[in-house]
Every structure is written in C-alpha cells, then in structure tokens.
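Participant: Using numbering that gives the first Met the number 0, you'd call the opening residue of the sequence shown number 0 and step up by one each time.
Quick list of in silico lysine-lysine cross-link-like pairs, DSS-like style, CA-CA up to 25 angstroms:
id: 1; residue 1: Lys86; residue 2: Lys3
id: 2; residue 1: Lys23; residue 2: Lys37
id: 3; residue 1: Lys37; residue 2: Lys24
id: 4; residue 1: Lys13; residue 2: Lys133
id: 5; residue 1: Lys37; residue 2: Lys3
id: 6; residue 1: Lys133; residue 2: Lys86
Taking CB as the label site, the calculated pair distances span:
id: 7; residue 1: Val71; residue 2: Trp113; range: 35 to 41 angstroms
id: 8; residue 1: Gly105; residue 2: Pro75; range: 16 to 22 angstroms
id: 9; residue 1: Gly106; residue 2: Glu82; range: 28 to 34 angstroms
id: 10; residue 1: Met0; residue 2: Arg74; range: 27 to 33 angstroms
id: 11; residue 1: Val72; residue 2: Glu50; range: 19 to 25 angstroms
id: 12; residue 1: Val91; residue 2: Asp38; range: 25 to 31 angstroms
id: 13; residue 1: His34; residue 2: Glu123; range: 19 to 25 angstroms
id: 14; residue 1: Val1; residue 2: Gly26; range: 17 to 23 angstroms
id: 15; residue 1: Glu39; residue 2: Asn70; range: 16 to 22 angstroms
id: 16; residue 1: Glu69; residue 2: Glu123; range: 45 to 51 angstroms
Derived by calculation from the structure, the hints in this document are not laboratory data.
Glycine is no exception: its CB is placed at the ideal position from the N, C-alpha and C atoms.
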Amino acid sequence: MVRKCIVASGVLLKEGKVLLIRHKKLGVYLYPGGHVEKDETPVEAVIREFEEETGLRVEPIGPMHGISDENVVERPLPLVVLEEVVKYPDDVHIHFDLVYLVREIGGYLKEGVWIDVSEIDNVETYPNVREVVKLAARTINSI
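Working from the sequences, and respecting the hints, build out all of it.
Facilitator: What follows is the structure, given as structure tokens:
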C-alpha cells in the first residue's frame, strides 16, 4: 500500500522573484515545505518548515470568508491543493500538498535562492512547481 501524507508548502514572492530551495533527496528546486507533524496544523507546518529550511519567518496569506465563532478560527485558504506522487530513491508515496502564499515577517535568509519568476521555466524542478509559481505571481497582487 502506498503511504499518504499531508504536507504544507509556502510560496514567497518578492520583487518579481520566488524563493526556492534545493531539495537534498530529490535534487531539484522546490518552494519550502514538508510533512505536517502529529498535533500540528497545516498552517503551523508551513511556518515551521519555512523557517527550518530558509531561516525566514513567514505567515500564510490568502482569501478568507469571515467565518468564526467561539470554537472556530478561520485561516487563509491555500493557493492550491495538489495530490503528488513523490518518488524518492528508496520510497514512493503520495503527498496531499496544501500550498500557501506566504509573506515574510522576520528572520534572516540562511538558505535558498531567489529566482526571477520569468526564468522559472529554466529552473531544474517539476512542471507542477513551475505552474504553482506562475499561479502565485498572478495571484499575489489580488490579495
């Protein structure tokens, strides 16, 4: 049986550029993110993973509908939710990836590269990553 995991990722855009990291196992450039841990929400996971992988503190941004009561806190909607087959050298599993737009709120960049969005088709990555970066660039100005 194929293992299925929930992951959360963040796309950070600044001045027409996107921050990407080189994934150690996969050998390609990706936006920061990772598995949602036990007792962690996807929003908490994207914040934690982004800081662990880049040194930057971020917060998700996106549309909300204003739904709340004493037992409910609404969070920004992901930019997109993808079901991805991930092929590691020694494992294949499925990621249900909640990809958020994020904005920088602190920290210091320790790892990662800024890539001009217009150059994303020339980056060593997956086609879906290219499409998500383009979607993020089209969406960021409307939030």
